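Enquirer: Given the coordinates of chain X, work out where chain G should sit on it, guided by the hints.
Protein chains: 2
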Amino acid sequence: MDLQMLTDLYEFSMANGYYATLPHDRQARFDVFYRRVPDNGSFVIAAGLQQVVEQVANWHFSKENIEYLKSLKEFSPDFLDYLSKIKNSCTIQALPEGTPVFPREPIISISGPLIEAQLLETFVLNIINHQSLIATKSWQINHAAQGRPIMEFGARRAQGPDAATYGARAAVIGGCTSTSNLQAASQFHIPAAGTMAHAWVESFPDELSAFQAWAKVYPNKISLLVDTYDVLKSGVPNAIRVFKQARANGHEPVGIRIDSGDISQLAIKARQMLDEAGFPQAKITASNALDAHVVKSLLDDGAPIDNFGIGERLITSSSSPVLSGVYKLAEESVNGKWIPTIKVSDSREKVTIPGNKQVYRIYSNDQPNKAIADVIALADESITTPLKVVNSDPTATNASQILTNFTAKPLLKTYLTAGQPAKVETDVFKIQQTSRQLRAQLPEASKRLVNPDRYPVYLTTKLADLQEQLITKAQFAEEN
Amino acid sequence: MDLQMLTDLYEFSMANGYYATLPHDRQARFDVFYRRVPDNGSFVIAAGLQQVVEQVANWHFSKENIEYLKSLKEFSPDFLDYLSKIKNSCTIQALPEGTPVFPREPIISISGPLIEAQLLETFVLNIINHQSLIATKSWQINHAAQGRPIMEFGARRAQGPDAATYGARAAVIGGCTSTSNLQAASQFHIPAAGTMAHAWVESFPDELSAFQAWAKVYPNKISLLVDTYDVLKSGVPNAIRVFKQARANGHEPVGIRIDSGDISQLAIKARQMLDEAGFPQAKITASNALDAHVVKSLLDDGAPIDNFGIGERLITSSSSPVLSGVYKLAEESVNGKWIPTIKVSDSREKVTIPGNKQVYRIYSNDQPNKAIADVIALADESITTPLKVVNSDPTATNASQILTNFTAKPLLKTYLTAGQPAKVETDVFKIQQTSRQLRAQLPEASKRLVNPDRYPVYLTTKLADLQEQLITKAQFAEEN
Numbered sequence: 306m307d308l309q310m311l312t313d314l315y316e317f318s319m320a321n322g323y324y325a326t327l328p329h330d331r332q333a334r335f336d337v338f339y340r341r342v343p344d345n346g347s348f349v350i351a352a353g354l355q356q357v358v359e360q361v362a363n364w365h366f367s368k369e370n371i372e373y374l375k376s377l378k379e380f381s382p383d384f385l386d387y388l389s390k391i392k393n394s395c396t397i398q399a400l401p402e403g404t405p406v407f408p409r410e411p412i413i414s415i416s417g418p419l420i421e422a423q424l425l426e427t428f429v430l431n432i433i434n435h436q437s438l439i440a441t442k443s444w445q446i447n448h449a450a451q452g453r454p455i456m457e458f459g460a461r462r463a464q465g466p467d468a469a470t471y472g473a474r475a476a477v478i479g480g481c482t483s484t485s486n487l488q489a490a491s492q493f494h495i496p497a498a499g500t501m502a503h504a505w506v507e508s509f510p511d512e513l514s515a516f517q518a519w520a521k522v523y524p525n526k527i528s529l530l531v532d533t534y535d536v537l538k539s540g541v542p543n544a545i546r547v548f549k550q551a552r553a554n555g556h557e558p559v560g561i562r563i564d565s566g567d568i569s570q571l572a573i574k575a576r577q578m579l580d581e582a583g584f585p586q587a588k589i590t591a592s593n594a595l596d597a598h599v600v601k602s603l604l605d606d607g608a609p610i611d612n613f614g615i616g617e618r619l620i621t622s623s624s625s626p627v628l629s630g631v632y633k634l635a636e637e638s639v640n641g642k643w644i645p646t647i648k649v650s651d652s653r654e655k656v657t658i659p660g661n662k663q664v665y666r667i668y669s670n671d672q673p674n675k676a677i678a679d680v681i682a683l684a685d686e687s688i689t690t691p692l693k694v695v696n697s698d699p700t701a702t703n704a705s706q707i708l709t710n711f712t713a714k715p716l717l718k719t720y721l722t723a724g725q726p727a728k729v730e731t732d733v734f735k736i737q738q739t740s741r742q743l744r745a746q747l748p749e750a751s752k753r754l755v756n757p758d759r760y761p762v763y764l765t766t767k768l769a770d771l772q773e774q775l776i777t778k779a780q781f782a783e784e785n
Numbered sequence: 306m307d308l309q310m311l312t313d314l315y316e317f318s319m320a321n322g323y324y325a326t327l328p329h330d331r332q333a334r335f336d337v338f339y340r341r342v343p344d345n346g347s348f349v350i351a352a353g354l355q356q357v358v359e360q361v362a363n364w365h366f367s368k369e370n371i372e373y374l375k376s377l378k379e380f381s382p383d384f385l386d387y388l389s390k391i392k393n394s395c396t397i398q399a400l401p402e403g404t405p406v407f408p409r410e411p412i413i414s415i416s417g418p419l420i421e422a423q424l425l426e427t428f429v430l431n432i433i434n435h436q437s438l439i440a441t442k443s444w445q446i447n448h449a450a451q452g453r454p455i456m457e458f459g460a461r462r463a464q465g466p467d468a469a470t471y472g473a474r475a476a477v478i479g480g481c482t483s484t485s486n487l488q489a490a491s492q493f494h495i496p497a498a499g500t501m502a503h504a505w506v507e508s509f510p511d512e513l514s515a516f517q518a519w520a521k522v523y524p525n526k527i528s529l530l531v532d533t534y535d536v537l538k539s540g541v542p543n544a545i546r547v548f549k550q551a552r553a554n555g556h557e558p559v560g561i562r563i564d565s566g567d568i569s570q571l572a573i574k575a576r577q578m579l580d581e582a583g584f585p586q587a588k589i590t591a592s593n594a595l596d597a598h599v600v601k602s603l604l605d606d607g608a609p610i611d612n613f614g615i616g617e618r619l620i621t622s623s624s625s626p627v628l629s630g631v632y633k634l635a636e637e638s639v640n641g642k643w644i645p646t647i648k649v650s651d652s653r654e655k656v657t658i659p660g661n662k663q664v665y666r667i668y669s670n671d672q673p674n675k676a677i678a679d680v681i682a683l684a685d686e687s688i689t690t691p692l693k694v695v696n697s698d699p700t701a702t703n704a705s706q707i708l709t710n711f712t713a714k715p716l717l718k719t720y721l722t723a724g725q726p727a728k729v730e731t732d733v734f735k736i737q738q739t740s741r742q743l744r745a746q747l748p749e750a751s752k753r754l755v756n757p758d759r760y761p762v763y764l765t766t767k768l769a770d771l772q773e774q775l776i777t778k779a780q781f782a783e784e785n
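Residue numbers (the numbering used here), protein chains in the order written: chain X, 306 to 785; chain G, 306 to 785.
One chain only, chain X, in its complex shape (with noise of 0.2 angstroms):
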């Protein structure tokens, strides 16, 4: 796919108008972040940053793309003829992939001449809200599931190829161990996982033989799914004959798996069953329809499951499938002078936040490991104790504070200078890791999939300040 053409109609018209407008070298600002978590959590675990600085370090317009954009008959000879020429040569700040994000805070601000960034907006979009979102419900039920390795299979339920393939990308950052989509494994080498499924079983005269035939095929991975028929009544005693077979010639076997059914009380009556033939080794793996507040359920009810295989429920965020991350002018050079910008709304919440920002995550100096509250300042600040701080949730009560005796660290990094790219992290494995520990540092009430608490986002006073005075400007405007 020409993902330079996954691009709004709208974004070229403007970029065109800009053009015949504006002074061309008018550069801007705009930063992507969100307001509203899904599924009511706290925070969004950033990701697609990979694919969004490989893709911008590349980004230009074929041939092909010109001719299509000239048969729309809507831009200017002069403007394509610039199109054709550019490459991109923004500069990208991030949050590195697998940072846990608040509303309000940039995932990435893009900066540069303003027709460049401009046409970003559609692509950038796509990929961050998307792989964020999936990022952020596959921590989730990895959290529900308290360590037990969790397998990615959705790919038959996800919104299309990408969806499946960057989406496993996504739920690994988020926690999961493997996929079952050798197209992600193999691009993102994720360990690939499986076993069989029902058609095995029904592809033999009966389940006995089915197993007997798969233990043959694969002695050292005799993972046998138990529910075609019944579970209890055959899936299981078939599988424990077969283990039996297997042990006796020197393969000790994996396990079962259950798709269907009470899945808490089978796994409990497996469990005995298994450990009763003198197989308590033998992991018992669930899946069907899980998502996090199911795997909490099963595992609140004390249902023996060693590991989870998770479907449509991760791979579409089935339960709040939309990131609705949005990109918005944050500032603009106007004759070399940058100028901070905001988008008023009758809903304050809406309001953004103005200017060249960094995002500092705040470490109390008595436990250094824990992160009590995120501060977002305007860049050329600096950050010293005691800082006094106002709110970014306009809803919130506690509007002001001083924060003391703390540490702040800056969580934006550039990965892009003018087009030329920075070291980016494509180790997905790696990316898991540094969101675990940062996760670990934050409070766990607000990691509570239910009810969880609102972690506070700050803004200096300063760039609260500026905030008001553009806001106060813009209703001026507006009155006159």
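Be a bit skeptical, because a hint or two may be false.
Identical copies look the same in the list; a pair holds intra-copy or inter-copy alike.
[To be verified] Here are the computed lysine to any residue pairs in the SDA-like style, where the Cα-Cα straight-line distance is at most 25 angstroms:
no., residue 1, residue 2
1, Lys601, Arg453
2, Lys378, Met306
3, Lys368, Met306
4, Lys526, Pro382
These are computed hints drawn from the structure, not numbers from a lab. Since this is a predicted model, take the numbers as computed values, not measurements.
Expert: Using the frame of chain X, we list chain G on its own:
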């Protein structure tokens, strides 16, 4: 992307197992069908066939694919050698894209060598589940819009690039008239649409100069976004000023777009202002978090909206983001003879329908354009009046029925014969038209957005009897 690698590992594990244990000429038939309609609708709009046929016709494994599979250390050298040499030789029968399809009816039926057919499962389900889901959501929204044009513009919130692009294709199949996504527009010959974002308005000192600049660049496309500041106090009055200037210069404006606030009240007042200013032809486009029930409510309110722009709730089908289509073995050839197969389950609803089947849409001879039921039959049955049938829905109360005085139209057509493609319709607007005609034949009550009447889908008694025999046989096998 290597679409032949968009395949779950277990498909390859099973294929390698089949290769090791079953005769290599074993043939199989798999049906794709679903059990539940998204949003509790009564039918799904079939979509995705073009991509399936194109991919299967070109399906083969590259040297890199084989190397990767080898690296998994799970497959026999013979099997990998076999894989490296095969081209897909399956036969595909399917409902034409755009066909309204009911629960349990095969959307696609794939027959051929067991291994080849098994290896298509993940890819085929991914494509069909995704596109059919979005086509279905699209028809629901279009149905609510009662013929008003709908632009699809959800690329930024789609679940990855393919979801945006194939999703736009599916949205057109379901009735949309245009897309904002230029990748989809150019690839599938869909009109591209869109005008300006809030960023355009913010890039100028004030709203009026932003509108004026637009009108200068696009004198024939003066469609203005009026909600950056205040729709009624600022947006519409400024739009009217620019419309008047345009008309004085000989250009008739297109209209306005409202993207926030109470769309219904704003549209009513904006319409009044536009009419009074002499612009009764100027169109009002509404956008912002629209879905079928919101569109219906706006129109029930009498909101004078001419066009809709619909984003995330269409492109992700967010209210019901998964179509759970499955791929189930229907028959297999053992020693050259086709034997129907069944998958039983504790839940009667999950029992599959065996054999090689045809789906007939039944039209009353009294009202030849009105479909009254569908009948699933064995492919070699002749369907003549009177026809005794059994309800395919095991939960239905009207268990059996005699159909008389009807004409039966077979719906499944052949698109690939032993790997050789037949013509598949690629014109999305022709598919849209076919879909509209087929939907017009369905009872109005089955198209209700809330609590639609269940359209009857029957099995012939011959097929129902075969299903019962196989259920009994499976239960007997289980107990022994």
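Enquirer: Could you run down the list of hints and mark each one as holding or not?
Expert: So, going through the hints one by one against the coordinates:
In this assembly of identical chains, the alpha carbons of Lys601 and Arg453 lie at most 25 angstroms apart only when taken from the same copy (12 angstroms versus 46 angstroms across copies). With identical chains, the CA atoms of Lys378 and Met306 are at most 25 angstroms apart within one copy only, with a shortest distance of 23 angstroms there and 32 angstroms across copies. Taking identical chains as interchangeable, the C-alpha atoms of Lys368 and Met306 lie at most 25 angstroms apart whether they share a chain (15 angstroms) or sit on different chains (22 angstroms). Proximity of Lys526 and Pro382 under a CA criterion of 25 angstroms is satisfied inter-copy only: 18 angstroms between copies versus 62 angstroms inside one chain copy.
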